[in-house]
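K.L.:
Position chain B against the provided structure of chain A, taking the given hints into account.
Spelled out from the first residue to the last, the chains are:
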Amino acid sequence: MNDRMSRLRRMLGSNAPAGKIPGPEGVCNLPEGGAWTAPGVFVLETSHPLEEPYGEVGLAGLSLAAERLSPWGGTDPPCFLDLETTGLAGGTGTYAFLAGIGTLEGQALVVRQVFLASPSREAEWLETVDRLVPRQAGFVTYNGRRFDLPLLQTRAILARRTPFRPGSAHLDLLWIARSLWRCSLPSCRLGEVERSVLGVLRETEDVPGWQIPSLYADFLHTKDAAPLTGVFLHNRLDILSLAALKAHVGRIVAGEISRGQETLLAGDLWAARGEWELAVTFWKNALDAPESRGEALLRLASRAKAERRWETAVELWEQSRVTCRPSLTVLEELAKAYEHRLNRLEEALSRAEEGLRHLDSRRGLHGSSWLQERQAWLHRIERLKKKIDARKVNFR
Amino acid sequence: MLRKPRKRIEELLKWIESRPGEVSVWRTFPSQAAAFGTWPALDARLTNALALRGIERPYLHQAEAIDAALRKKSVVVVTPTASGKTLCYNVPVVQSILEDPASRALYLFPTKALSQDQLAELTALLEGVEADIACFTYDGDTAPSARTKVRTAGHVVITNPDMLHTGILPHHTKWVKLFENLRYVVLDEMHGYRGVFGSHLANVIRRLKRICAFYGSSPTFICCSATISNPRELAEALLEEPVVLVTRNGAPRDEKHVLIQNPPLVNRSMGIRGSSLDETAAIATEALANEISTIVFTRSRTNVELLLHRIRTNLQARALPSNQVAGYRGGYLPNERRAIEKGLRGGQIRGVVSTNALELGIDIGSLELAVLHGYPGSIASAWQQMGRAGRRQGASAAVLVASSFALDQFLASQPSYFFGASPERARVNPDNLYILVNHVKCAAFELPFRTGDRFGKADISEILEYLEEQRVLHRAEGRYHWQADSFPAEGFSLRSATSENVVIIDISDPARHTVVGEVDRPSAPMLVHPEAIYFHGAKAYQVQELDFKGMRALVRPVEAEYYTDADLAVRLEVLEEFDRSEPWGWGEVLFASRPTVYKKIRLATQENVGYGHIHLDEEQMHTTGAWLTLPDSLPWGNWDPDRKSSALAGLAHLLRATAPLFLMCDRGDLQVHGMVRDPHFERPTLYLADNFPGGVGLAEAAFTLRKELLDSAWEALVSCPCEKGCPACVGALGSQIGSKEATRALLSSLRGMTA
Chain A
163 MNDRMSRLRR
173 MLGSNAPAGK
183 IPGPEGVCNL
193 PEGGAWTAPG
203 VFVLETSHPL
213 EEPYGEVGLA
223 GLSLAAERLS
233 PWGGTDPPCF
243 LDLETTGLAG
253 GTGTYAFLAG
263 IGTLEGQALV
273 VRQVFLASPS
283 REAEWLETVD
293 RLVPRQAGFV
303 TYNGRRFDLP
313 LLQTRAILAR
323 RTPFRPGSAH
333 LDLLWIARSL
343 WRCSLPSCRL
353 GEVERSVLGV
363 LRETEDVPGW
373 QIPSLYADFL
383 HTKDAAPLTG
393 VFLHNRLDIL
403 SLAALKAHVG
413 RIVAGEISRG
423 QETLLAGDLW
433 AARGEWELAV
443 TFWKNALDAP
453 ESRGEALLRL
463 ASRAKAERRW
473 ETAVELWEQS
483 RVTCRPSLTV
493 LEELAKAYEH
503 RLNRLEEALS
513 RAEEGLRHLD
523 SRRGLHGSSW
533 LQERQAWLHR
543 IERLKKKIDA
553 RKVNFR
Chain B
10 MLRKPRKRIE
20 ELLKWIESRP
30 GEVSVWRTFP
40 SQAAAFGTWP
50 ALDARLTNAL
60 ALRGIERPYL
70 HQAEAIDAAL
80 RKKSVVVVTP
90 TASGKTLCYN
100 VPVVQSILED
110 PASRALYLFP
120 TKALSQDQLA
130 ELTALLEGVE
140 ADIACFTYDG
150 DTAPSARTKV
160 RTAGHVVITN
170 PDMLHTGILP
180 HHTKWVKLFE
190 NLRYVVLDEM
200 HGYRGVFGSH
210 LANVIRRLKR
220 ICAFYGSSPT
230 FICCSATISN
240 PRELAEALLE
250 EPVVLVTRNG
260 APRDEKHVLI
270 QNPPLVNRSM
280 GIRGSSLDET
290 AAIATEALAN
300 EISTIVFTRS
310 RTNVELLLHR
320 IRTNLQARAL
330 PSNQVAGYRG
340 GYLPNERRAI
350 EKGLRGGQIR
360 GVVSTNALEL
370 GIDIGSLELA
380 VLHGYPGSIA
390 SAWQQMGRAG
400 RRQGASAAVL
410 VASSFALDQF
420 LASQPSYFFG
430 ASPERARVNP
440 DNLYILVNHV
450 KCAAFELPFR
460 TGDRFGKADI
470 SEILEYLEEQ
480 RVLHRAEGRY
490 HWQADSFPAE
500 GFSLRSATSE
510 NVVIIDISDP
520 ARHTVVGEVD
530 RPSAPMLVHP
540 EAIYFHGAKA
550 YQVQELDFKG
560 MRALVRPVEA
570 EYYTDADLAV
580 RLEVLEEFDR
590 SEPWGWGEVL
600 FASRPTVYKK
610 IRLATQENVG
620 YGHIHLDEEQ
630 MHTTGAWLTL
640 PDSLPWGNWD
650 PDRKSSALAG
660 LAHLLRATAP
670 LFLMCDRGDL
680 QVHGMVRDPH
690 FERPTLYLAD
700 NFPGGVGLAE
710 AAFTLRKELL
720 DSAWEALVSC
730 PCEKGCPACV
740 GALGSQIGSK
750 EATRALLSSL
760 RGMTA
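Protein chains in written order, with our numbering: chain A, 163 to 558; chain B, 10 to 764.
Excised from the complex, chain B in its bound form:
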């Protein structure tokens, strides 16, 4: 049978270029040959096992990292996806265990799924090593009966920071073998440990090191990170010790193309462009039709399902098998995910549509094409998603399809911004008092402090005295003993959101209910409210009941021609004012949200075909917030409402970008909301609130540093070379509505008023 010759990737890109709409940029990155290093002296059993897996010699970055680790230097490796970073830690760890079978290693991954993935990878390597080396995962899923064995017999224990925090460190006497012999600690996906989460992790590491010191061990840390602008700084802040930085990627890479494609203008006068979703689906379909392995990234779980549905429909229309493409996102069940990962590696599945769930180091092999449906929100994420396409032999490509969001349109019109911007900095503040005090309590629970002890680099004498005063600690002969009848590690969580999931259950067969998927607790009201259409693997279900007590959503399969999109109403309410200095204040606030209505949107045409009301209780979070109430005395008293609201939005955008610098947190740790009509103050008000229940001190710091916040916002505004506004200052929308000038006028008078 004659087959239509398939398009090569370059031809596909030319095809994209020929489509309506415009390719606003096409950059080509040249191929790079492999750069090899040499193995340090390794046990023959290990080099044999590596050779069995086809690894004769290490790439340069692997050699550098392994060498540093074996010399007991902590190291941070920054290389792209699929460059073989797992070898950077597995080799020194296995080598140390072969040298001394008592040696132990602890691997930390941010999610349980990654732990499973790494266990599989390490087990595969160990199959070729003729020695008894036991590796286990230890997390909430570990059976109680297996735990004793993991504690005593596990050479490599793979876990996550949360489990280390509540399950391992407070029970360290059950892990004597591990802590006495701990040689390596592996910290993968290090770039994720930033902001408040990173600050927590830094303190967990302080606790870990303290316990290791008690048992006489001093582990070497091996960290891996995606590209961020300050990997060494982040690693040294997390570990509080110098690290060797390895950035020279030795993995070979063939030519790679990067395109930004803007869908065509369909209404020139109103500036409306064609659907980025359709465009993304069209590109993915064409690629799959030409047997080009493809990954599509999109921003939301709903979009994963919509794109999957669209691509499958397109493939069927061309009489091609539609099961060659799968969805992959949070909420799929573990076994589903495993099957998809396996299918991708094995080639039975050629295409995958994903959220940023696949940004993480899940091994799915290398793909030829990455299509980004919209800018993912950060430069680092964008490059990481684009990095999923990249092969050692044969060209690859990444296409960013601009959505109608202002930021996407800005990038499409000024692509040099995208290529020129440095990736985001990751910041942590381990000495944030709220976080520090909580961990000092945990540490005191684990081992008594002596007077004068430091906690990592932090001087904690005042905290210890305070805790003694509170009778949490009891001081006797220069030692502080835990005295409260409580378990401090269970008193707080390292992450803002709970890890609880709502289980989605198909009840169509009364005799046999089956679990379809799951959704994290915070997203449940939006995604599985009653009457919502829930898509899973492009199959539609309608939600019958959302039961928060039982943490389950009951659904029935339906034939749906539409999907649902819920609107979220958010409100902030001041509960108690702690301090005030006009026009600023801070105190306890209620951050409340509730989905109110949902729209029904036809799958085929994206048109709105109806709506319904959602009757759910409000989700409430008590936290701390700082606020800036704008007095009428400002020159803007006689501005029109549009100008007011664009100035307020411009200021919010500036603060969102600059405040994390001063508060030493991540963007996501902070909620910044401007309310043109605030019901509490009855004046336009801007809130900066901690995105954590109870608050973690960010609002208080914002209030204290209010002058610096406004000064830096001002600096960012006036030093920005743009004319009318851009994403770097007042927001991408600024260039369209000219909010830079309004924001400047507002900010200028606010600076005059802030003491």
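Next up, chain A with everything else stripped away, as it sits in the complex:
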């Protein structure tokens, strides 16, 4: 314990007064093991060895994750950051009273939680947070781009401090989580992702997020921090989940985990970065799983189309046509490619006629554009028939 305190004091630098700083008068029942590092600022440090289990996935692979996620802002050393605030309203009237700061130290994730015991000590609190975030660290957050970091900037301006770590690298896992699980999870809130993806079950002492502002408001009134124990836990678990999620997502984009839909969408992530080779590899892997096969075929086909590899594209679309639900888009692509690229008019005609049948069978779904679309198909069929006739004449 003393070890930890002296290390903390070192981190806080020479400004941190030696000796014991008394807490604000009347404040009681803060979590054990922490200490006042400045007037009104309480820091609680915990250490979590990486080999310890966490949910179903654990923290293994965390050390590799930054490099794997570098296209999305991952960089070492990481600084996991999560704030508990007096509200979600945003604007200048919301402040943070608890910052969870997670860093990798040896084979452990060390979480330092900086607690603000009175809004009048915000300047000291900001100073402490700034000192505990390693220089050159890359932030890892969940919605930090829109919430946590702008909030810290706002508070820095209000406290007339210099901007808080401008231009730092930042990996916002919400963005990646949305890309991977938007369609398969009811929401992409951290709690949901944590439960469904990481298999983490929160302990009962944890408090739901919406209660946190009023718990803190109560504390300011009573100075009894006992009801905040759950908030400290909540914040610490958020940091652990951030770390576990980062490790897990790192494994997904590295292709270590192959689970149909995720693999497909990981391919999309690479594609969005212009990494086509990687994207194609992921999409090919996604062919094996029945739930992602159809979409994977289409993506591979449209990539082949973009590269003007028409034979491959047609082959993929044909596979999609035969093995998946037929779609107008695929039939149109096939008709076009057969007609204009491969000069296989009979096949083009056959796909076009199939398209028309398909359209007619689902008239109700197309609404007002139906007639127009039908005209286009008829026109295509007409043209193909003429072309075929003309060729027959030429052969004669």
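Accuracy of the hints is not assured; some may be wrong.
[To be verified] Label pairs and their calculated CB-CB ranges:
1. A/C345 <-> B/K186: 38 to 46 Å
2. B/E189 <-> A/C345: 15 to 23 Å
3. A/C190 <-> B/K186: 29 to 37 Å
4. B/E130 <-> A/L540: 48 to 56 Å
5. B/K186 <-> A/A538: 50 to 58 Å
6. B/A162 <-> A/A321: 19 to 27 Å
7. B/T157 <-> A/S225: 34 to 42 Å
8. B/K186 <-> A/P348: 39 to 47 Å
9. B/T157 <-> A/P452: 56 to 64 Å
10. B/L329 <-> A/Q537: 39 to 47 Å
11. B/T157 <-> A/R421: 33 to 41 Å
12. B/A162 <-> A/T443: 42 to 50 Å
13. A/A416 <-> B/D141: 44 to 52 Å
[Said to hold, decoys possible] Computed far set for chain A versus chain B, every beta-carbon distance over 12 Å:
14. W234
15. Q315
16. R317
17. G353
18. S358
19. E437
20. K446
21. C486
22. N505
23. L518
In short, the hints are calculated from the structure, not lab data. Every residue, glycine too, gets a C-beta built ideally from N, C-alpha and C.
P.N.:
Okay, now just chain B, sitting in the frame of chain A:
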């Protein structure tokens, strides 16, 4: 080809005089030569740009205003329309940015349309200035992707008070560049910031100044106002600082005629006069036929369309192009409005029929003739509408066509009242507790208060303590920090009505629905109820469905020979009594309204050709109201019902005029209704209710000041020199039914009973 020589404006007026009916007054205001001032020391890039636009030297009022502003004195400019007031702020603002490119300015206009107009005007001036000066509008229409750029790069940010209130001040840390370098704040159309809206604005300015002080800036305010009787007082109440008042208009003006025309008596014994609508259309048609540019003002949106239809029909009958006249009113789409404004400036459109939407400073150039279809309700409005006609060279005229309303007839019979009356006073009460508390919350959200801080001039220590008690604020070491999990600026609106619109959609082509226009939410039940005929640009549509959830009205074009006019039923219901002191009380009331039936009125003849029922839910507003229940013990117990109702109406009219004085609000902020048979009290009852959801403390103040209210009503009544009653006391109808005496008797006994 020989053209019929066109009538000059004087000949047109003689033609009006020769018509049946009577011109009750014809005043001529002489021409006035331009009075010029000199530019203060300005950057050559600016004077060059001004010269490019043909401006070699400033008019006197421009020079005075620019000089004051550059010396960092806040200034209020009061000059008529088209006197070049935009230069009064654009010159100092551009000059300050040329001197220091970091400088910023904030322009506040009451509507988004005016913001667009001003952006165009400023951009045109800046085209000639060789410097990089960025101007943007910032309002609900600004794309999220453009917002960051506006915040950091905009030298001039053009917005409205509502956006400043909810979108800018609570997020001031995103606007550091603006607030650190804010040199000028422009407040145009200042006369509109009166009553409750003005009281809100005054508090928004307090918040703005507080934030500026935090970032170390102290902007100079440049205000522009139409004529009101107390511009300096209003500006100083809004800004809480001394202002330089500039009123000497230096813009040249040619001769101007003002006429009041009363349509002829068609039934002398019943006193019925010819239609003022027909008369207005006839005058406008004759003017347009003689190539005289004309603006017609009327009181309602329906009347805009009716007049437009009539004038176009008249023009067609004379084989003249009917598209030379356009309508212009709230509910036209922004691009439609832009096209009409452009057409007016360019001369392709020679005539326009408008509601008071064009009273505001939209630039449409200067016109030769203004025809007012009826008195617009206030002296200030009347002069502002008349001011739309006025040219630097060549005579202009304004004609007020009296409608059959009592007030119009009164003005026609006693025109000296119109010319003698001073324009209305604008009042604000920034320290109205309801309004103040709401803004103190917003201000505390924006920056913590210290113990002992004032908010503008207001001592708010009690409010801060109260908010601490409510745990909205948390006090620590002498500072009050925002502690609630809410965004106070979104908790209330600066205006009584929502800014939401119902969109009017033509569904005749199922494949392509098109938006025809829009109508504000409160007016929708009256104007676009199912089966209503909705006119837009003189084209008729019938409403198929009014969908409040989707905020849309579905219409189909029709050939309609009639228009519809809905009847509104209004009721007031006491929900809870907070206090009572016979015969007064106050509490929570329900103000409910519902259109019940509509009449079909034939366009050509104005005759009633049928009616229909309207099935819509009641519109309800919970607010606070004070009431005065009239006991049977009054001497009026044995009066006949007519006398009772005219006395009650006379008293309501008196209070409507005098109460705003004591409650420090605008007439429109208060609903005053006399009910001869009130279902709740079962006695005749007079209500004074806040015209705002939830109330803003006016009813409570009315209850507290009940004695003063009756005393001042009494003063107004007995000091009025009229004999039987007039608009200044018991109402214009008073002279016809002699209600002054009845009101006097009622008021006298009420004063005796009110403690």
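K.L.:
Now look at each hint and say whether the structure bears it out.
P.N.:
Consistency of the hints with the structure:
1. Distance hint for A/C345 and B/K186: a CB-CB separation of about 41 Å, consistent with the stated range 38 to 46 Å.
2. A C-beta distance of roughly 45 Å is found between B/E189 and A/C345, which places it outside the suggested range of 15 to 23 Å.
3. The beta-carbon spacing between A/C190 and B/K186, approximately 45 Å, falls outside the hinted interval of 29 to 37 Å.
4. For B/E130 and A/L540, the Cβ-Cβ distance of about 54 Å falls inside the hinted range of 48 to 56 Å, so the restraint holds.
5. Distance hint for B/K186 and A/A538: a CB-CB separation of about 52 Å, consistent with the stated range 50 to 58 Å.
6. Checking the proposed 19 to 27 Å range against B/A162 and A/A321 shows it holds: the Cβ atoms sit about 26 Å from each other.
7. Hint check: B/T157 to A/S225, Cβ distance near 36 Å, so the stated range 34 to 42 Å holds.
8. Restraint check, B/K186 to A/P348: a C-beta distance of roughly 41 Å satisfies the suggested window 39 to 47 Å.
9. Taken as a hint, the range 56 to 64 Å is violated for the pair B/T157 and A/P452, whose Cβ atoms sit roughly 45 Å apart.
10. Taken as a hint, the range 39 to 47 Å holds for the pair B/L329 and A/Q537, whose Cβ atoms sit roughly 45 Å apart.
11. Separated by about 38 Å at the C-beta atoms, B/T157 and A/R421 satisfy the suggested range of 33 to 41 Å.
12. Between B/A162 and A/T443 the Cβ separation comes to about 43 Å, which falls inside the hinted range of 42 to 50 Å.
13. Remark: the range hint 44 to 52 Å for A/A416 to B/D141 is upheld by a beta-carbon distance near 48 Å.
14. With a least beta-carbon separation of about 21 Å from chain B, A/W234 lies farther than 12 Å from that chain, consistent with its non-interface assignment.
15. Taking the minimum C-beta to C-beta distance to chain B, about 7 Å, the non-interface status of A/Q315 is violated against the 12 Å cut.
16. Interface exclusion of A/R317 from chain B breaks down, the closest Cβ pair being 9 Å apart, not more than 12 Å.
17. A cut-off of 12 Å between C-beta atoms confirms that A/G353 is not in contact with chain B; the least separation is 19 Å.
18. With a minimum CB-CB distance of about 28 Å to chain B, A/S358 clears the 12 Å threshold, and the non-interface call stands.
19. Taking the minimum C-beta to C-beta distance to chain B, about 26 Å, the non-interface status of A/E437 holds against the 12 Å cut.
20. Against chain B, the non-interface label of A/K446 holds: every CB pair exceeds 12 Å, the least being about 36 Å.
21. With a cut of 12 Å on Cβ distances, A/C486 stays outside the contact zone with chain B, its closest approach being about 31 Å.
22. Residue placement check: A/N505 keeps its beta carbon more than 12 Å from all beta carbons of chain B (closest about 37 Å).
23. With a least CB separation of 21 Å from chain B, A/L518 remains clear of the 12 Å interface cut-off, as annotated.
In this structure, the earlier hints numbered 2, 3, 9, 15 and 16 are contradicted, and the remaining ones agree with it.
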